[in-house]
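**Student:** Could you build all of it, start to finish, from the sequences and the hints given here?
Quick mapping for you: the protein sequence lines, in order, are chains A and B.
This note's numbering numbers the first residue of the first sequence as 1 and each following residue consecutively.
This note's numbering numbers the first residue of the second sequence as 1 and each following residue consecutively.
No lab work stands behind these hints: they were computed from the structure.
A virtual CB, placed ideally from N, CA and C, is assigned to each residue, including glycine.
Among the hints, a few may not be true.
Stated by the list, open to error - Here are some of the chain A residues that sit facing chain B, going by a computed Cβ distance under 10 angstroms:
1) Glu42
2) Val65
3) Asp66
Unchecked claim - So the derived label-pair ranges between C-beta atoms look like this:
4) Ala114(B) to Ala72(A): 49 to 57 angstroms
5) Glu50(B) to Gly11(A): 22 to 30 angstroms
6) Gly218(B) to Ile122(A): 51 to 59 angstroms
7) His34(A) to Tyr118(B): 39 to 47 angstroms
8) Pro265(B) to Gly46(A): 37 to 45 angstroms
9) Arg155(B) to His73(A): 37 to 45 angstroms
10) Lys77(A) to Ala114(B): 46 to 54 angstroms
11) Pro101(A) to Lys231(B): 26 to 34 angstroms
12) Glu112(B) to Lys47(A): 37 to 45 angstroms
13) Gly16(B) to Asp117(A): 20 to 28 angstroms
14) Ser12(B) to Glu97(A): 48 to 56 angstroms
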Amino acid sequence: MGSSLYDEIGGTAAVEAAVDIFYRKVLSDTAVSHFFDDVDMERQRGKQKAFLSMAFGGPNNYSGVDMRKAHAHLKDKGLASRHFNAVAGHLQDTLKELKVPSNLIDQVMAIAGSTHDDVLNI
Amino acid sequence: MPHLIFSGSTLSYNKGQTVLEALLDGGFDVPYSCKEGNCQTCLMRCVEGEVEEDAKRGVKDTLSKQGYFLPCMCHPTDNLVLQPSTDTELFCAATIRVKNLLSDKVCQLFIEPAIPLYYHAGQFMNLRNDQGGVRSYSLASVPKLDTYLEFHVARMRNGEVSNWLHNGLDVGDVIDVSGPFGNCFYLPGKPDQDMLLVGTGTGLSPLLGVVRDALSSGHKGKLLLFHGSRKEEGLYLHKELTELSRLYNNFYYYPCISTERTSYPYKASRADDLAFKTLPDLKDWRVFLCGSPPMVEGAQRKAFLAGANMNDIHADPFKMRELRSEKRD
Numbered sequence: 001m002g003s004s005l006y007d008e009i010g011g012t013a014a015v016e017a018a019v020d021i022f023y024r025k026v027l028s029d030t031a032v033s034h035f036f037d038d039v040d041m042e043r044q045r046g047k048q049k050a051f052l053s054m055a056f057g058g059p060n061n062y063s064g065v066d067m068r069k070a071h072a073h074l075k076d077k078g079l080a081s082r083h084f085n086a087v088a089g090h091l092q093d094t095l096k097e098l099k100v101p102s103n104l105i106d107q108v109m110a111i112a113g114s115t116h117d118d119v120l121n122i
Numbered sequence: 001m002p003h004l005i006f007s008g009s010t011l012s013y014n015k016g017q018t019v020l021e022a023l024l025d026g027g028f029d030v031p032y033s034c035k036e037g038n039c040q041t042c043l044m045r046c047v048e049g050e051v052e053e054d055a056k057r058g059v060k061d062t063l064s065k066q067g068y069f070l071p072c073m074c075h076p077t078d079n080l081v082l083q084p085s086t087d088t089e090l091f092c093a094a095t096i097r098v099k100n101l102l103s104d105k106v107c108q109l110f111i112e113p114a115i116p117l118y119y120h121a122g123q124f125m126n127l128r129n130d131q132g133g134v135r136s137y138s139l140a141s142v143p144k145l146d147t148y149l150e151f152h153v154a155r156m157r158n159g160e161v162s163n164w165l166h167n168g169l170d171v172g173d174v175i176d177v178s179g180p181f182g183n184c185f186y187l188p189g190k191p192d193q194d195m196l197l198v199g200t201g202t203g204l205s206p207l208l209g210v211v212r213d214a215l216s217s218g219h220k221g222k223l224l225l226f227h228g229s230r231k232e233e234g235l236y237l238h239k240e241l242t243e244l245s246r247l248y249n250n251f252y253y254y255p256c257i258s259t260e261r262t263s264y265p266y267k268a269s270r271a272d273d274l275a276f277k278t279l280p281d282l283k284d285w286r287v288f289l290c291g292s293p294p295m296v297e298g299a300q301r302k303a304f305l306a307g308a309n310m311n312d313i314h315a316d317p318f319k320m321r322e323l324r325s326e327k328r329d
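**Tutor:** Spelled out as structure tokens, the structure:
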């Protein structure tokens, strides 16, 4: 049995290491930070962790329906592809910063990219 | 649509409501305060059905195992059978031992619980008056240093519980307390970590507990405490904290006045503004933020963006929903 992406990347420790770096990049980027204005930071961080765990190929209870529901209200605030791409860019930079090998980064980005339509409610 | 039963009566439930909202709409006089999952005043028991995890966040394990959850955070998906909390599980009697006035508006209470409590300095407890009104107050005492529980109570205009604590109680009287709750406290380990503490008003009380706990545990890192108030008399422990900063060379105290002109030794600034100006880089710092919700929430974000890890940021917003038509000051 080959080791999974989640194990290779470092499991829960990797999620824990990535979440603050990723979330800080997102909040520091004025192009997207306003989408995160009204949320309880602890709760938001919990959601980021769940998302990273999913993107890292780890345990998750991802459902496209939940993802759609969670982002539906952001449509009125103008959530669009460029914002999705900016956040995805921060994820990629986070992984580079943590020196994750590029073949693993590619796999993570592919999983993250697969949520595009659900996040944007397309 | 989930079907809710409270104490034998069926509740009408509208989509999107919390269980607490359904109870209040149904005319049930259940206790509550913050409505945001912090104060635990509305704790209630679910005896049948599944409550989502979000509604159990912060509830003590021993209580959660008995079905306790927070109706204010619960958007039910399952049919639930609910019971009000039973007093004996949540509240215990405590006797007022000492009562001092620290300023015009703040009184200091020392209380002895009938049963010894296991708590951390900086956690909070719920105090209940004879009318059933419940409010949360932070613990300023440190278990290993102090015999009694210490609270600082700010008198609110029209505040039912705070006025009762100020005026309606004497030494020797017995009140009901529950708790402790909350995770804004000092943990030993990492004794070299520097600590930033920012509090407004009686947000000072948990910070005082944390500072005394840390110093008496031999904390080696720096502790910077910023206490903010609109007026000088609001810095109600100025003398004591100044003295403490003379006793410990790793403890620094910054008294901040936000609205009126002021002079040395007070700083003319909001406490959080001065804190972030003084400490632009908080990487590896431990941060405690207590007091007015806008300050705490803004400062939480600023501390995080200044490099502190979320796990190292302890925020305790003193949230209190308006229960009356008259506005507080």
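**Student:** Run every hint past the structure and note whether it holds.
**Tutor:** For each hint, the structure was consulted:
Interface restraint check for Glu42(A): the shortest CB-CB distance to chain B comes to about 7 angstroms, inside 10 angstroms, so the restraint holds. At its closest, the beta carbon of Val65(A) sits 13 angstroms from a beta carbon of chain B; the interface hint therefore is violated under the 10 angstroms criterion. Nearest Cβ of chain B to the Cβ of Asp66(A): about 12 angstroms, over the 10 angstroms cut. The hint is violated. Distance hint check for Ala114(B) and Ala72(A): the Cβ-Cβ separation is about 51 angstroms, which falls inside the suggested range of 49 to 57 angstroms.
A hinted range of 22 to 30 angstroms for the beta carbons of Glu50(B) and Gly11(A) is consistent with their spacing of about 28 angstroms. The hinted window of 51 to 59 angstroms between Gly218(B) and Ile122(A) holds, with their beta carbons roughly 58 angstroms apart. Look at His34(A) against Tyr118(B): about 43 angstroms separates their beta carbons, and that is inside 39 to 47 angstroms. Against the hinted window of 37 to 45 angstroms, the Cβ-Cβ separation of Pro265(B) and Gly46(A) comes to about 42 angstroms, which satisfies the hint.
The hinted range of 37 to 45 angstroms is satisfied by Arg155(B) and His73(A), whose Cβ atoms lie roughly 40 angstroms apart. Between Lys77(A) and Ala114(B) the beta carbons are some 53 angstroms apart, a value that agrees with the proposed interval 46 to 54 angstroms. In this structure the hint that Pro101(A) and Lys231(B) lie 26 to 34 angstroms apart at CB is violated, the actual value being about 58 angstroms. Checked against the given bound of 37 to 45 angstroms, the beta carbons of Glu112(B) and Lys47(A), roughly 43 angstroms apart, stay inside it.
For Gly16(B) and Asp117(A), the Cβ-Cβ distance of about 25 angstroms falls inside the hinted range of 20 to 28 angstroms, so the restraint holds. Range check, Ser12(B) to Glu97(A): about 52 angstroms between beta-carbon atoms, so the 48 to 56 angstroms window is met.
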